[in-house]
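Peer 1: Listed below are the residues making up each chain.
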Amino acid sequence: SQQGEEDPQALSIQEGENATMNCSYKTSINNLQWYRQNSGRGLVHLILIRSNEREKHSGRLRVTLDTSKKSSSLLITASRAADTASYFCATDRGGNMLTFGGGTRLMVKP
Amino acid sequence: EADIYQTPRYLVIGTGKKITLECSQTMGHDKMYWYQQDPGMELHLIHYSYGVNSTEKGDLSSESTVSRIRTEHFPLTLESARPSHTSQYLCACSQGDYGYTFGSGTRLTVV
Chain R
1 SQQGEEDPQA LSIQEGENAT MNCSYKTSIN NLQWYRQNSG RGLVHLILIR SNEREKHSGR
61 LRVTLDTSKK SSSLLITASR AADTASYFCA TDRGGNMLTF GGGTRLMVKP
Chain F
1 EADIYQTPRY LVIGTGKKIT LECSQTMGHD KMYWYQQDPG MELHLIHYSY GVNSTEKGDL
61 SSESTVSRIR TEHFPLTLES ARPSHTSQYL CACSQGDYGY TFGSGTRLTV V
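In the order they appear, the protein sequences are chains R and F.
At position 52 of the first sequence the residue is numbered 52 (our numbering), and the sequence of numbers has no breaks.
At position 102 of the second sequence the residue is numbered 102 (our numbering), and the sequence of numbers has no breaks.
Keep in mind the hints are simulated off the structure, nothing from the lab.
Ideal placement from N, C-alpha and C gives every residue a C-beta, glycine not left out.
Hints are supplied without guarantee of correctness; some may be wrong.
[To be verified] Derived coverage of chain R by chain F (criterion: at least 3 residues anywhere in the stretch with Cβ under 8 Å from a Cβ of chain F; other residues may be distant):
no., segment
1, 17 to 28
2, 43 to 54
[Claimed, not checked] The list that follows gives simulated cross-link-like pairs (lysine-lysine, DSSO-like), each with its CA atoms no further than 30 Å apart:
no., chain 1, residue 1, chain 2, residue 2
3, R, K70, R, K56
4, F, K31, R, K56
5, R, K26, R, K69
6, F, K31, R, K70
7, R, K26, F, K57
8, R, K70, F, K57
9, F, K31, R, K26
10, F, K17, F, K31
So here's chain F without its partners, still in its complex pose:
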């Protein structure tokens, strides 16, 4: 079944660690997105991609980086995690001008 997957579901790490949040989709969609969301709050776009080798920064300034080497895969990396990075990270994909399909999210806690 076509879907979008995020791993890990929960992550607790120490300050200064490098982490990569994984996002993979089997829907064949060209467009992919990363949003950051604090509990009960609005979503903020931090990165997006329109296809392979295409990545752009979103509206919210972020210290993270992304890559899009394959259509299916859009990982997000934090080189040095800080407590201010504690949040939920949501990955989504879309095709055409239809709605987004979201993954279940990664809840990150930096201690």
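One chain only, chain R, in its complex shape:
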């Protein structure tokens, strides 16, 4: 079964709105990472949050991690049409071996 599961599976919002995606996992982790994938392309690393961190920011991205609930969220503020993509969380249980979830497909309408 998947180590990471994203919720929702699909999200459609208007440009300028905020988008929130959630990720839940099952076992303890060293860190959790978020990636973006444009249709038919490879994944691009967005942000990494370590197990001893609770929140991290990068530009319009905000990631939180709650190890007690085994969950993380990715917030994209002031979304743009160019943010349309699939977003994946990935958990590192050690040795930098990542397990990916099924992704959230985000559509930002202009």
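Knowing the structure of chain R, use the given hints to seat chain F on it.
Peer 2: Just chain F, lined up with the frame of chain R:
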């Protein structure tokens, strides 16, 4: 510029053919990975390598094989392609416990 490259970008081949998907990186990273991904679905690890002459099978059973003779190069070979191998194959590399850098992928169709 340091990067990771996959070729070909698209490949359509007949059943039973032998194929090799190429992956090369100029980042000097020790660790390299191959993932299989059906459209819109999760990624499944099929092979990984921690360095030269090191290769391991991943979580997803695969009929493919890999080699790591040079740090920069991590090719994936299918001895006899079947329609069930139709998928996107993604190569990645990493160093330390930082994020992965992915190639653009090879979309394989076996007819």
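Peer 1: Does the structure break any of the earlier hints, and which numbers would those be?
Peer 2: Failing hint: just 1.
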